[in-house]
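Peer 1: Single-letter residue listing:
There are 4 protein chains.
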Amino acid sequence: MIRASIVGGSGYTGGELLRLLLDHPEVEVAQVTSRSHLGEYVYQTHPNLRKRTQLQFCDPQTLQPCDVLFLALPHGQAQGEIERYVKLAERLIDLSADFRLRSAEAYRQWYGHPHAAPQWLERFVYGLPELHREELRTARYVSGVGCNATAANLALAPLVRAGLIEVEQPVIVEIKVGSSEGGAEGNPGSHHPERSHVVRTFSAFGHRHTAEVIQETGLTHVKLTMTSVELVRGVLATAHVQVKSGVSNKDLWRAYRAFANENPFIRLVKEQRGIYRVPEPKILVGSNYADIGFELDEDSGQVVSICAIDNLMKGAAGSAVQCMNLMFGLEETLGLEFPGLHPI
Amino acid sequence: MIRASIVGGSGYTGGELLRLLLDHPEVEVAQVTSRSHLGEYVYQTHPNLRKRTQLQFCDPQTLQPCDVLFLALPHGQAQGEIERYVKLAERLIDLSADFRLRSAEAYRQWYGHPHAAPQWLERFVYGLPELHREELRTARYVSGVGCNATAANLALAPLVRAGLIEVEQPVIVEIKVGSSEGGAEGNPGSHHPERSHVVRTFSAFGHRHTAEVIQETGLTHVKLTMTSVELVRGVLATAHVQVKSGVSNKDLWRAYRAFANENPFIRLVKEQRGIYRVPEPKILVGSNYADIGFELDEDSGQVVSICAIDNLMKGAAGSAVQCMNLMFGLEETLGLEFPGLHPI
Amino acid sequence: MIRASIVGGSGYTGGELLRLLLDHPEVEVAQVTSRSHLGEYVYQTHPNLRKRTQLQFCDPQTLQPCDVLFLALPHGQAQGEIERYVKLAERLIDLSADFRLRSAEAYRQWYGHPHAAPQWLERFVYGLPELHREELRTARYVSGVGCNATAANLALAPLVRAGLIEVEQPVIVEIKVGSSEGGAEGNPGSHHPERSHVVRTFSAFGHRHTAEVIQETGLTHVKLTMTSVELVRGVLATAHVQVKSGVSNKDLWRAYRAFANENPFIRLVKEQRGIYRVPEPKILVGSNYADIGFELDEDSGQVVSICAIDNLMKGAAGSAVQCMNLMFGLEETLGLEFPGLHPI
Amino acid sequence: MIRASIVGGSGYTGGELLRLLLDHPEVEVAQVTSRSHLGEYVYQTHPNLRKRTQLQFCDPQTLQPCDVLFLALPHGQAQGEIERYVKLAERLIDLSADFRLRSAEAYRQWYGHPHAAPQWLERFVYGLPELHREELRTARYVSGVGCNATAANLALAPLVRAGLIEVEQPVIVEIKVGSSEGGAEGNPGSHHPERSHVVRTFSAFGHRHTAEVIQETGLTHVKLTMTSVELVRGVLATAHVQVKSGVSNKDLWRAYRAFANENPFIRLVKEQRGIYRVPEPKILVGSNYADIGFELDEDSGQVVSICAIDNLMKGAAGSAVQCMNLMFGLEETLGLEFPGLHPI
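Chains as they are written, first to last, in our numbering: chain A, 2 to 345; chain B, 2 to 345; chain C, 2 to 345; chain D, 2 to 345.
Hints were generated in silico from the structure; no laboratory data involved. Using N, Cα and C, we set each Cβ at its ideal position, and we do this for glycine too. The reader is advised that the hints may include incorrect statements.
Stated by the list, open to error - Per the computed footprint, the stretches of chain D lying under chain A, defined by three or more beta-carbons under 8 Å from a beta-carbon of chain A, are: (1) 139-147; (2) 154-164; (3) 186-194; (4) 215-226; (5) 229-237.
To be verified - Footprint (simulated), chain B over chain D, 3 or more residues, beta carbon under 8 Å: (6) 30-37; (7) 40-50; (8) 116-129; (9) 268-275; (10) 295-304.
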């Protein structure tokens, strides 16, 4: 059994991670820390875990050595304490934004302040198995992924890998997100009467996850526009891309099919009939799947490429567990079998 | 023109009141106070009022005399300052819970502390025109109504007035409410991911609005059970009542029809066909109507009596404006004509 | 491996059953029938199952013998064909309403027509393990459960078993339900603009599931009132009960704790702090848990007893799989481990 | 008083129109037709109108002459009967798609069949007062507007009028829509459990409203991508535009301010603080406002331009009444004063 501990277990990502690890056949959860909920049962914060565990939140100062340490702290905290954490476990997965970028300069540009441990940036592998599977098998330090970045990266990956994009043209990625993305702490805009049924374009340009998309796709003219919608879990990325002259529907089918075939959690959704013809986050709640699809406008060579995920699963805790499986030589899908629900 | 001012205009009730008064043909809004939003345009807080008014929130200390003063303060504040406010206007309507009960003893029992101005309690009229129309025409001081109490009182009123209830039997009123009832200030439970799609029975017994139902119906064995549902605006009260032996469907029709006929904002909804057969808060958003309906179980003599309202309208600001109309000898429905929307 | 087949697999209950059986470690799904979707892949109807199975819907006439046959047909169909189905499998679980009542007379009274196979009624065991665990271990024919009946029965079970109810007084059960309860076929009232955000008391008296509550609790003065709310999955039953004179909070704690301790899927939720203090269907989506709780009004001896479930799981497919586990001598919880999600 | 009749009053657009006309101070509603609801009270279909009118749906064959006739029929019907309708009233407003395009060739291209009355196309004025105010003052025949086209056209109008767009670059308009857009007739995809909480990109390219955007903006490289979200009423258009080299934030402010100042129902929303900083359909429910806003990325010269409307108001019935006001020389805003609600 792999002994795993979670630092920062009272947030949404930490809670989802805990749910996955508690049910994982090869993992034993050793400790879960939370300063604000110290001593409380984890099921008081994560009520779905009632009758599943008697774990209580403990003080991060009491952390014991373990096989793998998951950091699920608010962004900016892990980088200051990374030296301490790596001493506790041979393998570490940090789900915050602290170690996602390989370049200290890019970090400074997008996050607005210098990185506190820049020498650690290159030791981390970006934790998206669809793009870094082989590196992850031998990685000791793995970063999490931005949920919006993941939806964008997976919408673009088939096109990027097949070299179909006209890279000098702008790539516009419209991203629709649910409320859990904002984390477990409320703010005036997350108060239910104000947040309910919004279609709120809260970031037209400059969202920080853009940096991860630039890094992982190599595209330089890519913009993310973010809109909150009525949804708790879920991200839909709709990427508008100019493809190279002569690219046909057949080329696109080939590229998307190949990507879906090579990755256990990628599904190509492109149906002519029925209700569910395109990727939708609705049916992915609790699931680690990323559903992808596309449409080509033959006249203009524009492609709409779509990816739907659950932001807390494929966009956070699910990908982290998938990375852990790879790091420990386990079946990649272990503990991630829940397929999602219909209807929901 | 009636010059009206609002104390506490940044909350939901204050904002709704402001919307109604700005469009009221006989009212000029003089001042709107808010300590926390001092100097800001009211449309920054109530974005529906953009381009409708250039009013800015002012300091309550700068209040000038006016014809009618509306108090929309958090519960407990008005009672301590009532002497000051009544000097500013000949007529005053307090929308908080402070002056709803006629008995200082009942206030202490339900609110857990002594009333700060008990001598004022008897000078106020309970601001529900359907129960106190004639008194309101000559009233100087009028209290607002509890939104849940209003749904319960109007569900029970036809039965009470016609003397049909077996008063020794318990009356159970199940009330389903939306999130705006909790006010504009957020709390951990109102954070969208936690509040979304709840069916949360947050008060099984002892809700404070019970006191208003006891006072206004004269029933002593009445209990309110409160459940939050996914809704921003709206209250549905479903009252379970034992009627006297021999009470027939015809008796009930007569009682409910009479009540609807005598009151411009009461509608009887009891259809055999179509989608909207019973009272529903969904179609009352923004409207001052209270829709009522009933069902009799002839074998047991049990009646289910239903009332739906918009908590911010008939349950708060709408009833207050209706009271103002009566106090000033205006048409009761003036400025309250918006019928609600379909679909919504 | 147990070979299982599903008759009527394109509905919501059939789809949920299929999801559970596909992931069940001891089951192999042999056939799934659907006349209306004949030949289509099951994932075209149940999009969550894409990449999980290549099963196609087959004609019910092609059904082969198997170890257990699940019937998930519209109500009224199984009773006419039961003789045919029992020849195909030694064990049969019918999820419709056809074999839930033990009395042909009760069936005629509540369903308005005579039962087509009354001699079969007594051969079936009512498929709620919390009430019939021992019988189920040896049963060959098991009925499903009504979802609303299940929420009501489990809300009342601790009180009934402990003999705490004043049975001559009316028991009023207010039930709030989601839209999936109506099944996969749309109707004018389920059109999204009309169904969205309803609080619609569609049945004040006489809901058919009442018959199952009377049968299983032995209470005769029990009424169900049904209200649709904005929710896809979930039922909350709030039962209003008069308890016997002298019944204390301690007695209630004892009764509810015992019931939760004896049943792996029953959880007692009664917290003083936090957001989730009472049972709520929100966190049960996809889970087989039934969360129960209570509140006592000591003055009046009234109790509010609450039960929350997912109507498609504990209220349908989940309980059916739990029954199957018992019938085959498996661990009762096998294949039903998904705990639900937070947030959702 | 203007005598107005509505043909096709049982749909959502017809119902909204009826609500507006019933409350319009200068209008008397003469007749409302519906074949499918013949003889029923209009409030049985539009329950918000209960106690507001005793009108019953009548047969279209019984239509009497009136001052203005509104056609709210399903697309494709008006063109075949236009000769009959124009004989009944001197002024006619058709809310369907039949007379929106000025070119019979464009109609054939986008609607896939030849127009049945092409000679009538040039007699109609496109019913968006913000673009055709002066023509509307003297128009006898006015078309309605596509709701999505309206959101796109008003998002682009300030840029088009000021000549700021680099017209050779693609213009991508991402449009998010609510469920009422699909009309009052249900379909499998509008069944609540399937439609609830979708983020469903149902049209990547080729939506018919594109034709109206091309016609009204003069842009040729414009694409609309349509995504359904959880919402009953509301459209948000987010347009991605390349502006000409050298266009500054100040230029944009000037263009948007001018457009808002010249049009009573256009509001510029661009706040640095508060919850409502950008246009949102949420607060426009029932209102005729179109809220617009923008953001410039100075490095790339890309602009995100946003417009929010209520599809049944500014996107349909509201604009139609605004046109009627202009056609009859009335105040443009008459009967359209409802500002929308907060919270909602």
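Peer 1: Please name the hints from earlier in the document that this structure breaks, with their numbers sorted from lowest to highest.
Peer 2: Of the numbered hints, 1, 2, 6, 8, 10 do not hold.
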